Structures are given as C-alpha cells and as structure tokens.
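Required output: the full structure, derived from the provided sequences and hints.
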Amino acid sequence: DAGVIQSPRHEVTEMGQEVTLRCKPISGHNSLFWYRQTMMRGLELLIYFNNNVPIDDSGMPEDRFSAKMPNASFSTLKIQPSEPRDSAVYFCASSLAIGREQPQHFGDGTRLSIL
Amino acid sequence: AQSVTQLDSQVPVFEEAPVELRCNYSSSVSVYLFWYVQYPNQGLQLLLKYLSGSTLVKGINGFEAEFNKSQTSFHLRKPSVHISDTAEYFCALNTGGFKTIFGAGTRLFVKA
Numbered sequence: 230d231a232g233v234i235q236s237p238r239h240e241v242t243e244m245g246q247e248v249t250l251r252c253k254p255i256s257g258h259n260s261l262f263w264y265r266q267t268m269m270r271g272l273e274l275l276i277y278f279n280n281n282v283p284i285d286d287s288g289m290p291e292d293r294f295s296a297k298m299p300n301a302s303f304s305t306l307k308i309q310p311s312e313p314r315d316s317a318v319y320f321c322a323s324s325l326a327i328g329r330e331q332p333q334h335f336g337d338g339t340r341l342s343i344l
Numbered sequence: 008a009q010s011v012t013q014l015d016s017q018v019p020v021f022e023e024a025p026v027e028l029r030c031n032y033s034s035s036v037s038v039y040l041f042w043y044v045q046y047p048n049q050g051l052q053l054l055l056k057y058l059s060g061s062t063l064v065k066g067i068n069g070f071e072a073e074f075n076k077s078q079t080s081f082h083l084r085k086p087s088v089h090i091s092d093t094a095e096y097f098c099a100l101n102t103g104g105f106k107t108i109f110g111a112g113t114r115l116f117v118k119a
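If you read the sequences in order, they're chains A and E.
So the first sequence is numbered by the working numbering: it starts at 230 and just counts up by one.
So the second sequence is numbered by the working numbering: it starts at 8 and just counts up by one.
These aren't lab readings, by the way, just hints derived from the structure by calculation.
None of the values given here were measured: they were computed from a predicted structure.
A couple of the hints might just be wrong.
List time: in silico EDC-like cross-link candidates among lysine to aspartate or glutamate, alpha-carbon distance up to 16 Å [what the hints assert, rightly or not]: (1) K56/E with E330/A; (2) K307/A with D286/A; (3) K56/E with E71/E; (4) K106/E with E291/A; (5) K118/E with D92/E; (6) K106/E with D286/A; (7) K307/A with E291/A; (8) K106/E with E330/A; (9) K106/E with D337/A; (10) K76/E with D92/E; (11) K307/A with E243/A.
Here it is in structure tokens:
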C-alpha cells in the first residue's frame, strides 16, 4: 500500500520566494497533519485537518504560512515570502479519525533550505 | 493539560546490550500511548501502541513497552540492540480528538 507521499523531497530557494509543499495522504484517511521539525524546537504541529476542514491552525507560526486541503487526497503548505528561519524538515501525516487510538502515518518529509 | 516527558535526550549503548528509553506522561483523563521511531532522512514510524488491556505491549523489531498507570510511565525496552536500531525515538499520547502530543525525542546511539 502506498504511504503518505510528500513532494518535493528537497527544496532550496532564496529568501523572499514562495514555497509550496505538497502532500498526498493515505487513501481512506480523513485526518491530515502538517509538522515542522528542527534541531532547536523538535517536532511542532502546525495545522491539522479533518474531512478537509482545518480544525486547529494555532501552530502556524505567522501569516506567511498557509495550508489548504481542497480534497481528500491532496494538501499544500505554502510559505510566502520565505525566510531563512523557515529552514526545516516539514512532515505531513495522516490518520483514520475514527478514534483516538489511531496512530499517525508520516511521509518522508520535505527538507527545506532558505538561503 | 496533557504532556509527555522523555527523560533522556541521548542514550548511548553498546551493541547487544539491553536498553530502556524512558517516558512519563501527564493527563487527567485516560490515555492512548504510542512509541514512534525515526530513522535518518525518514518520517516517524509506529513502533507500538497501548490502547487497553495488558500493560506489556510488544512492537516491531523486538521492542516492547510497559504501561504503568500509577507511575504514569510508558518506558520502551529492548533486551539486545543492534547497530540498525540507531535512530530517534518519540513517545506520544492521545486523550481525545485528533491531536497527538509528542515528546521531545530520545536519540539512541548503538556502538559496535
């Protein structure tokens, strides 16, 4: 079975540019999560969706960050304009939201470097 | 408020030695507990989970964890580690809703 698919795996861009990260959750999963991981701050939850609706975006650091989930099989995380401090690994995860016992399934992440 | 504390940020151990990675949690309601593993350049993968029933939970790759309600702990153990177990390990809990709370992680270094 295909797992959570993220693209691109690596992104290097100059500050000020727009960055778009993409995620395809596991088919049938109706909860989707975006995380950011850095050495300094560890794993941070940015936003999560249930049935394509954003439930909690309190972890989104600034207005420069936005996330969408137009359908059950696709989500994007956008940073505009990007800054060097946005450099991190960004993970997408999905789960069955039937009950709280459901684990999250993670993609392999996008390593983002802002120069 | 719920929280997860991983007591060790790094654990070095020699190959074939036993290891214990410690996790304590805080919650006023019942919890579901998880351990995840993250290998270099990969996402987190589920090792094992405690939902209810037997307090000793067995997972993949020979790992097991014991739920101790009185001590609010969920420590991860393996009787004999391999070089390939070198990774970061995350303890996590869920008390309801969609959100899972992750610990800060413990880096396990297995030395030859």
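Quick rundown of the hints versus the structure:
For the hint linking K56/E to E330/A, the alpha-carbon distance of about 8 Å falls within 16 Å, and the restraint holds. A distance of roughly 13 Å separates the Cα atoms of K307/A and D286/A; the hinted pair therefore holds under the 16 Å criterion. A hinted pair counts as satisfied when its Cα atoms are at most 16 Å apart, and K56/E with E71/E qualifies at roughly 10 Å. The hinted pair formed by K106/E and E291/A fails the criterion: a straight-line CA distance of about 20 Å is larger than 16 Å.
Straight-line distance between C-alpha atoms of K118/E and D92/E comes to about 10 Å, which keeps the hinted pair within the 16 Å bound. Restraint check for K106/E and D286/A: satisfied, since their Cα atoms lie roughly 12 Å apart, inside the 16 Å limit. A threshold of 16 Å between alpha carbons decides the hint, and for K307/A with E291/A the separation of about 11 Å falls inside it, so the pair holds. With a C-alpha separation of about 11 Å, the suggested pairing of K106/E with E330/A holds against the 16 Å cut-off.
Between K106/E and D337/A the alpha-carbon distance is near 20 Å, which puts this suggested pair outside the 16 Å criterion. About 27 Å separates the Cα atoms of K76/E and D92/E, which puts this hinted pair outside 16 Å; it is violated. Distance hint between K307/A and E243/A is fulfilled; the C-alpha atoms sit about 15 Å from each other, no more than 16 Å.
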